[in-house]
Amino acid sequence: MNEHNISLGRAQESVLATNKVLKNTYMLLSMTLIFSGVMALVGMSTGLGQGASLVSSLVAIGLLWFVLPRTANSSAGIPVLFAITGLLGLGLAPMLNFYMAINPSVVSTALGGTGVIFLGLSGYALTTRKDFSFMGGFLMVGLMVVLVAALANIFLQMPVMQLVISGAIVMIMSGLILYQTSAIIHGGETNYIMAAASLFLSLLNMFQALLHLLGAFGGDD
Amino acid sequence: MNWMAIGSAVLIIGMMVFIFPSMRHAVKNAPKGSMDDWMGFIIPLAVIVGFIILLINMV
Numbered sequence: 001m002n003e004h005n006i007s008l009g010r011a012q013e014s015v016l017a018t019n020k021v022l023k024n025t026y027m028l029l030s031m032t033l034i035f036s037g038v039m040a041l042v043g044m045s046t047g048l049g050q051g052a053s054l055v056s057s058l059v060a061i062g063l064l065w066f067v068l069p070r071t072a073n074s075s076a077g078i079p080v081l082f083a084i085t086g087l088l089g090l091g092l093a094p095m096l097n098f099y100m101a102i103n104p105s106v107v108s109t110a111l112g113g114t115g116v117i118f119l120g121l122s123g124y125a126l127t128t129r130k131d132f133s134f135m136g137g138f139l140m141v142g143l144m145v146v147l148v149a150a151l152a153n154i155f156l157q158m159p160v161m162q163l164v165i166s167g168a169i170v171m172i173m174s175g176l177i178l179y180q181t182s183a184i185i186h187g188g189e190t191n192y193i194m195a196a197a198s199l200f201l202s203l204l205n206m207f208q209a210l211l212h213l214l215g216a217f218g219g220d221d
Numbered sequence: 001m002n003w004m005a006i007g008s009a010v011l012i013i014g015m016m017v018f019i020f021p022s023m024r025h026a027v028k029n030a031p032k033g034s035m036d037d038w039m040g041f042i043i044p045l046a047v048i049v050g051f052i053i054l055l056i057n058m059v
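Chains F and V, in that order, give the protein sequences.
Read in our numbering, the first sequence has 156 at position 156, and its numbers run on one by one without any break.
Read in our numbering, the second sequence has 35 at position 35, and its numbers run on one by one without any break.
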């Protein structure tokens, strides 16, 4: 009886810990998304150039690779994550200005579409509570194939290949959202800063890929 | 080849180098999914494809 109570208590503790990680992840994710959006607006209004955008993204990736893993277990990880998301938001500015000049509805549709896909997938993973850890290898190999294709297309400059890459990115990022949410639910990810960073990157990549797809196929131009 | 293309290529190569160990680890250690597990992934993905087609028609 006593052992039963102890194991029940441990199970409750585990559920509470998971819920806390989930709550903190979504809170941090929403704050970083707002901050990133504000930084993108700043970049758009100041007419940030492509060179500055690339430098901003490179600095953000550098922080993501070398600083965030070292600070994610302390409170210092939060300002680092805000710096990363802010710089990535700033880096989006030239692309957003480009699409706003062509067709502003592309940007709002891509933004809304990304939001709907994220909410739908998160809701699906949270309600079914399925374990998507089996997709890890598949998603990583898919990501590597997409990177190889993107690298090749820098030199080949094929518009059709760019669209195929964008389509594949939307699919892989959808899989990653399921995988990451499932990892939080099942205790595979216990650090809310790292969880928020990976979900933010999935959302950002999905938004950019949707922009490409809607910009290419959408509209009458 | 302009410097923007070179910068993008460097960024992508960096990502590949960074992702490679995680990929190797995931391929070796990820549990195998059953047919049912994969269907639980493929069905929402098909819904997303339909949703994107809808978005393209809306723009």
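It is worth saying that the hints were derived from the structure and are not from the lab.
Among the hints, erroneous ones may be present.
As the list claims (entries may be wrong) - List of simulated lysine to aspartate or glutamate pairs, EDC-like, C-alpha gap at most 16 Å:
{"hint": "1", "chain 1": "F", "residue 1": "Lys-20", "chain 2": "V", "residue 2": "Asp-36"}
{"hint": "2", "chain 1": "V", "residue 1": "Lys-32", "chain 2": "F", "residue 2": "Asp-131"}
{"hint": "3", "chain 1": "F", "residue 1": "Lys-130", "chain 2": "V", "residue 2": "Asp-36"}
So, going through the hints one by one against the coordinates:
no. : hint                 : in the structure
1   : F:Lys-20 / V:Asp-36  : 30 Å, violated
2   : V:Lys-32 / F:Asp-131 : 11 Å, holds
3   : F:Lys-130 / V:Asp-36 : 11 Å, holds
Of the numbered hints stated above, the single one contradicted by the structure is hint 1.
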